[in-house]
Amino acid sequence: MEPRKLVIRAYQVGFGDCFLLSFGYSKSEKRGQRERHVLVDFGSTGMPEGIKPSEQMLKVANDIAERCDGKLDIVVATHRHKDHISGFTTNDDETASGNIIARLKPHMVIQPWTEDPALKDPKLPPLKRRGAQGMQASAPAQFFSSLHAMNLLAESAQREVQHLTSAKFRQPLAADVAEQIDFLANDNTLPNRSAVANLAGMGENHYVHFGYPLKLSQLLPGVKVHVLGPPTLEQHAEIQRQRSRDANEFWMLRAAAQRFWGIQSATAAQEQEQEQSQTILFPGADVYQDFFPSHDRWFIRQLRTLRAEQLLGLVRVLDDEMNNTSVILLFEVGGKKLLFPGDAQIENWEYALGQPEVAKLLSDVSLYKVGHHGSRNATPKTLWNMFSHKNPEMKARNRLRTVISTMKGKHGHRQSQTEVPRTTLVKELSNLSDYITTETAAKNAELYVETELRFS
Amino acid sequence: MSTVARPRTRRLTIIAQDPSVRVDGRILTTEVEVPAEEIAPGPRGYRVKVIDYDTSSGVLYQPAAYPPLQNGAYLDPFKEDAALQDNSGLLEDPRFHQQNVYAIVMKTLARFEFALGRRVSWGFRGHQIHVAPHAFADANAFYSKRDQALVFGYFRGLSNELVFSCLSHDVVAHETTHAILDGLRNRFTDPSSPEQAGFHEGFADVVALLSVFSLPAIVSTLLPQGTRKTKLPPFLIDPDDLEVKALRESVLLGLADQMGAEMLGVRGDRADALRRSVTLATLTKRQVQTLPEFQEPHRRGELLVAAMLNAFLQVWRARIEAMKRGRPDAPLDRDLVVEQGADAADRLLTMAIRALDYTPPTDLQFSDYLSALLTADKEVVPDDNKYHYRDIMRRSFANYGIEPASINSSDGTWEPCNADLTYERSHFESMLREPDEVFRFIWENRGELQLHEQAYTKVISVRPCLRTGPDGFVLHETVAEYIQMITLQAQELQYFDPPVGKPSAMSPDQEVTIYGGGALIFDEFGRLKYHVFNRLSNATRQTPRLKYLWRCGYFDTAAASDGGFSQLHLDRALNKRSHIRETF
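Chains as they are written, first to last, in my numbering: chain A, 1 to 456; chain B, 457 to 1040.
Please note that the accuracy of each hint is not assured.
As the list claims (entries may be wrong) - A few chain B residues facing chain A, derived, Cβ under 10 Å:
1. Thr465
2. His553
3. Ala591
4. Asn596
5. Thr738
6. Thr740
7. Gln1023
To be verified - Not the full set, but computed from the structure, chain A residues with beta-carbon under 10 Å of chain B:
8. Arg67
9. Ser145
10. Leu147
11. Gln171
12. Ala257
13. Glu393
14. Ser430
15. Asn431
16. Leu432
Hints in this document: simulated from the structure, not taken from any laboratory. The beta-carbon is built from N, C-alpha and C at its ideal position, and this holds for glycine as well.
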């Protein structure tokens, strides 16, 4: 049994991702077997003006239900960012978008290995054992706790921005910096618990990594799915080993990074305590509250800006780390290849790109879901250069298709070359591929854009 | 008229290394000597202005008042608190933290001024550096040129204790060194090579660590209490404990362990960085240049730390040998051994700092620094026969693949300037302090001095110095530095003679700026003694520099290097590698 065609719906979720892949089989199959459906992500952190987020998400969920005739086969949640999973949120009345998806009873749920709840229960308490061996044994659990620490830190960054922009200062903080911190921090705070629970309880769970064997001959006959990321820590270590004389270096660095995030989140917690109990760092000390001596004011202003930039740097790093836990899937079907990399950046890609057989697989990709809404660092140039179906001729046969879900003006700034989608990338994509964007749907007040592939 | 002589220095209490270094449960404190002044509340003084504002909580802490001169002496407001049986109260008083940073910054600055024999400016316009001892809740501390500031964070450490980076001697000295080095050689933060990038960090670590080891209180705490079978009284020490290997274990790694107890987190893992430097296996020049790990600037900087710290142990060891006076097995006086160690660290610190004046102002390599160090020392201490400091330095640097840049002299020092120069039209007096006069001199002699005639050329500084050797020998010198720069299209690089190579993938009309420059050392008669320079049109340096910058993606985006030291520290903490070539 081989699929005849594939229809990809890119839903208009503003700033977020939501793709429905519908594989069409022979009409002679019995009802319920004629199509198979895979949902890749369902989340949003911002809608165009005039669109109410909760309503739009419900519309999308209902459309998914209708399109797949009440049955989803696979759900993929690439990583824990809100703009990829907020749509899975449920409520007590069972009327939320997440409830609608759950009722579609997906058979299988695919998430990165970093989301495996088993990691919460490490056999070794982190940091108790010293030496590379000890680190190695508990490393995945430590990594998991680092991700948790990052979420806590993001919350504290959101609180701290309030301080920096306090009304007591006559000179406001540069608005774009404050907004950026708030936007990135918000996307990185602890994921909605109900969405996480919903994902874990919907179907058979697979927490995957590079090379993970997905057995889909029953669920998606005629479709081969390669998992190209995220790499496991051992796979990451392999990359490091090629660079350094010290075989243990990766594990040392990993442990150091874990300590770093641990310290950051403990410090954030301390800040929160301070805030709540209204005590200060030094309980007995004399302080100036709302009046500052004139000779200190210039420097205090400088310091606020400096801290804001520093916070922005931090939330950027943790945003990157989260993006790099993304599941990367390559669907191989009817001689075509479709690449769905979530928001993966080079650190995630690195291992896969280093494998010769993967490079071969990627060279004739037919459709590429553009990473991270078109940000500047989620389409690694090494990867982009591998695609051989790029073509400046619009009518060329087998021309590469690129699909993007994005929304301008929400994230980053052109001045700092961080705007999303990145202008230079969009130019390249629209010059060398059939470029399909959810912005078209937003402009025409439609719920989605669609593209179809036929297999001979 | 005042009848009481005003003291030149005053003593202030600081925490010797950091609060985790304790003796009998008490925080190890020490008094340091800093230039005396009437301190305004802050402390605010003529070079340092402490402003204790915490951005994370939005609070400004009030400063302590410093009493004026009384009976010919300045009082240290925290002397008594530090002497208490339980002196942990120091940690709870922000005003002590303010004093701690003030004193260490002042002492570090004074240390540079002593070694260089002149006033030293910060790396920004302005005389006073702002210091924020509790700038934010974050495991970071850094120098910010834009904000004319040193900022120190506080955080919750692994033991769940609050950790204040402003209370770590080495952290404060390290960040202060960045600010001073930036004033002495402002082009050293330019993108150039992994070595130039690693130099700022490595040198700041060298100054910080040697500053800590020059405190007898610290050395004494780290030296073992004796491993000899027969028990020694506490004032004696077993010579077996003073072999180089033993000293490395007890003193260098001992400090790393002590630091490890509390300060994990700031700038990556400082204790780990120290441990890595100290235990680094010897390397050849080729290994340094080809092994991928040493192309990373921090790792490269550790070579400098390794070379200097091992030289410190060797020098100390040589001094201990001299103490034995033919009785190799006899126990030695512990205090004398401590004093020799602290002295050795102090002497090496002076050498390390003095070298800066003899370095080329742009595109520094470690080999340049080594030649500068040997030359600067030889000028002040011509006779090195007592402990052979310079031989020890050369050997220690060679162990990490660093050979002197000067190849024509047998001792690795720079060759004296023997160019046929015209002095007739320059005014001697004016040459000592006027950049315009020095510029006239170098312009007039541009051919002999191998300047590039078409480049923009600027004399950055002219500084008369008075350097004192350990034996009281005084050396007068005037140090001037100039830089040259030229901005061209990449395709024009081929017209240099010999041609400078363009990275092959670089577009021919890509704008590139290349630099050159020199340090001019004039003797007391205004004659040019040394001309330490990098020619702008030196293809053997410029070609690899452009290749390196191209590889790092420096030309791809202006945003490549905007985060300064703050971002550098964050990247180091997380071992972030730059992937700028992969981005759109």
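Each hint, compared with the structure:
{"no.": "1", "hint": "Thr465", "verdict": "violated (26 Å)"}
{"no.": "2", "hint": "His553", "verdict": "holds (9 Å)"}
{"no.": "3", "hint": "Ala591", "verdict": "holds (6 Å)"}
{"no.": "4", "hint": "Asn596", "verdict": "holds (7 Å)"}
{"no.": "5", "hint": "Thr738", "verdict": "violated (13 Å)"}
{"no.": "6", "hint": "Thr740", "verdict": "violated (13 Å)"}
{"no.": "7", "hint": "Gln1023", "verdict": "holds (6 Å)"}
{"no.": "8", "hint": "Arg67", "verdict": "violated (33 Å)"}
{"no.": "9", "hint": "Ser145", "verdict": "violated (13 Å)"}
{"no.": "10", "hint": "Leu147", "verdict": "violated (14 Å)"}
{"no.": "11", "hint": "Gln171", "verdict": "violated (14 Å)"}
{"no.": "12", "hint": "Ala257", "verdict": "holds (5 Å)"}
{"no.": "13", "hint": "Glu393", "verdict": "violated (22 Å)"}
{"no.": "14", "hint": "Ser430", "verdict": "violated (13 Å)"}
{"no.": "15", "hint": "Asn431", "verdict": "violated (13 Å)"}
{"no.": "16", "hint": "Leu432", "verdict": "violated (13 Å)"}
In this structure, the hints that do not hold are numbers 1, 5, 6, 8, 9, 10, 11, 13, 14, 15 and 16, in rising order.
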